[in-house]
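Chains A and B, in that order, are what the protein sequence lines are. Each residue of the first sequence is one higher than the last, beginning at 1 in the numbering used here. Each residue of the second sequence is one higher than the last, beginning at 265 in the numbering used here.
It should be emphasised that the hints constitute simulated quantities derived from the structure, not laboratory data. Just so you know, even glycine gets a beta-carbon here, dropped at the ideal spot from N, CA and C. Please note that the accuracy of each hint is not assured.
Said to hold, decoys possible - Which residues of chain A face chain B? A partial, calculated answer using Cβ under 10 Å:
id	residue
1	Phe-14
2	Val-18
3	Asn-22
4	Arg-120
5	Lys-233
As the list claims (entries may be wrong) - Pairs of lysine-lysine residues, derived as BS3-like cross-links and limited to a Cα-Cα distance of at most 30 Å, are as follows:
id	chain 1	residue 1	chain 2	residue 2
6	B	Lys-586	A	Lys-122
7	A	Lys-167	A	Lys-185
8	B	Lys-412	B	Lys-479
9	B	Lys-534	B	Lys-586
10	A	Lys-107	B	Lys-504
11	B	Lys-479	A	Lys-129
12	A	Lys-188	A	Lys-107
13	A	Lys-122	A	Lys-66
14	B	Lys-479	B	Lys-314
15	B	Lys-534	B	Lys-412
16	A	Lys-122	B	Lys-504
17	A	Lys-185	A	Lys-66
18	A	Lys-107	A	Lys-66
19	B	Lys-314	A	Lys-107
20	A	Lys-188	A	Lys-233
21	B	Lys-479	A	Lys-107
22	A	Lys-122	B	Lys-412
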Amino acid sequence: MEPLLQAINLTKSFGGLVAVDNVSVDIYPGEGVGLVGDNGAGKSTLIKMVSGVYQPNDGEIRFEGKTVAFSGPREARDMGIETIYQDLALAENLDAPANIFLGREMKRAYLGGAINTLDRNKMRDEAIKVLARLDIRIPSLSQQIRNLSGGQRQSVAIARTIYWNAKMVIMDEPTAALGVSEQRKVLKLVRTLAEQGVPVIIISHNMQDVFAVSDRIVVMRRGMKVGELTAAKSTPDEVVSLMVGAEAVHEMGVIPKALNGVTE
Amino acid sequence: MTNTTEVQAEQIVKPEKQKRNRRENLERIRQVWPWVFFVVLVAGFSVASKQMNDVNFISYRSVQGILEYATQILLIALAETFIIISAGIDLSVGWTLGFSSVIAAEVMQNLHAAGYSPFVTVSLGMLGGILVAIAPGFCNGFLVARVKVPSFIATLGMGILVEGVALLISGGYPVAKQPPYLGALGNGYVVRYWPEHGFYFFKMPAEATVADLPKIIPILPNIVLVALIVTFVCWFILAKTQFGQHLYAIGGNFEAAVRAGIPTSRTLIKVYILASVLAGIAGVIWAARFTSGAYNGGETTPMMAIAAVVIGGASLFGGEGKITGTIVGSLIIATIQYGLVVLGVSPFYQYVAVGIVLILAVIVDQFGRTLGR
């Protein structure tokens, strides 16, 4: 199978600091890829190059077989690479359909286009369709988003990217602010996405999350890719030792205390 | 399709349902209480005026009186509704009102003196008065959207500037010597009913003598008709168009609006122009009512208008507010003003009363929000 996205030898430095050093990653349709690494390992920088926020100093990005150079996040999004950040960027005072269609509202034309009104019914119907497709349940479509739970809001953000034909979704710490049962729902949703052919790159500190949704796990350390594991054939300990450096684990004989919460 | 998802949703979220119902009820209370308050207020004035003056407060005349009182506040409050929803405030609209009245009056004074027909004179004057309001609106919007000046400061400065320009043009005097037609328009009625003679539209019955005047029943002041039409248009813009939706998004989460690709700068510039044009309409109405233009015609209106908008349930943090809320907020303030006149007590009490109602409104709003969490 052809990879959807190929990042080839990407390098990005800020002044003297090399944040990402010669990293290559392939993303295939329909897979979940966990991107892990300690703080400052270069995960975010790598993702920001793929989503068009940063421009690489060196290397190449191929999307759907073609070399692309994004001058901004807007271009990446237009090509179908959607990034969902922790803050979700939803208008909390509007309802779910309004958020899904934010900035791209459906309209009805009257008097030959002289007067345009919002087509709320159609947006609502479409919202129901996309929510059903992703098996998302929301108590009321006419509720302001602020009255929904964190997981439901997360789901709305995901539904929005899907409705607008995201070909690939990047999620930055999607479960960070959620309760346990909510986390599970969001992870299930990520799986659903991947199964429907939309690859998901998930950045997370939580090994449980990463293993729950990933087919492959890419480990970064000090700007370099230090490992690429098949999730089914590896263990959280293995991943953590790659994250912090095998020597470190070896030296201490145990998993460092600071990572205890992460690995359990 | 619709039903299955809804039904599934209902089943899944039972535990959350009670909380949700409470929230929805609170939401409803927040929207309904100004109307309840309005009814209580009218009832209070009815009892008081019966007791004190033996006058029936609820009458045909009061309704028309209150609507007339409400017109100017309502027009400025509509302007503030749009701005407040976008998470801004416009302190300049009162001065823009005066500026527009001065420009309209100047144009009409000159055309009238030059011997143009009343219709041409008044039409061009009003058009001029409304069009000049675009300038301060554009400046406000540009400063807020592009230069990122806080709206409070941008519109404060623009208001003072506009006041100065209006003073320079008018010399500080009312711009009088207007065509008589203007006053007839500004203080006239859409329909007049003269029993045993019939209905007269936009005109006094020509054959009526001074003795007949008390018999003629005026129905619907012209300015109220204008206010109703403008209000309907505003409601349509806010509730039904993409522009209105974008305003709510900008006021609710500016960052999200930007990231969703909403043209935030253009939308903000448009909304400040819209607010100024509404002030311009209020200005030419002022000129028509008082057959003159005065730089300070709307001096105190914005504060009352902002109070009306907040009483109507809008949030000064942006993203919340409805035209219906603004209508009831304006009616409450107009009723207080008119009611105090009917009671014959000092009209200065209106400020005390409106102040209390405003603070009460904010307390009710915050109470509702805390409970809703």
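Quickly compare the C-alpha distance for Lys-122 of chain A and Lys-66 of chain A to 30 Å and report which way the hint goes. Violated - the C-alpha atoms of Lys-66 of chain A and Lys-122 of chain A are around 35 Å apart, more than 30 Å.
Would you check the hint for Lys-122 of chain A and Lys-504 of chain B, treating anything up to 30 Å between C-alpha atoms as holding? holds (14 Å)
Next item in the hint list is Val-18 of chain A. Is there a CB on chain B closer than 10 Å to its CB? violated (29 Å)
Given hint Phe-14 of chain A near chain B, where the shortest CB pair must fall under 10 Å: violated (24 Å)
Holds or violated: are the alpha carbons of Lys-188 of chain A and Lys-233 of chain A at most 30 Å from each other? With a Cα-Cα distance of about 21 Å, the restraint between Lys-188 of chain A and Lys-233 of chain A holds, given a limit of 30 Å.
Within a Cα-Cα threshold of 30 Å, do Lys-107 of chain A and Lys-66 of chain A meet the stated pairing? violated (34 Å)
Keeping to a limit of 30 Å between CA atoms, is the pair of Lys-479 of chain B and Lys-107 of chain A held or broken? Status violated; Cα separation ~52 Å.
Keeping to a limit of 30 Å between CA atoms, is the pair of Lys-122 of chain A and Lys-412 of chain B held or broken? With a Cα-Cα distance of about 36 Å, the restraint between Lys-122 of chain A and Lys-412 of chain B is violated, given a limit of 30 Å.
Have a go at the Lys-233 of chain A hint: is there a Cβ in chain B nearer than 10 Å to its own Cβ? Hint violated; Lys-233 of chain A Cβ to chain B Cβ min 35 Å, cut 10 Å.
Below or equal to 30 Å on CA atoms is what counts here, so check Lys-586 of chain B against Lys-122 of chain A. holds (23 Å)
When you check the alpha-carbon spacing of Lys-107 of chain A and Lys-504 of chain B, does it fall within 30 Å? holds (10 Å)
Assess, step by step, whether the Cα of Lys-479 of chain B is no farther than 30 Å from the Cα of Lys-314 of chain B, and give holds or violated. holds (25 Å)
When held up to the earlier numbered hints, the structure conflicts with 1, 2, 3, 5, 8, 11, 12, 13, 17, 18, 19, 21 and 22 and fits the remainder.
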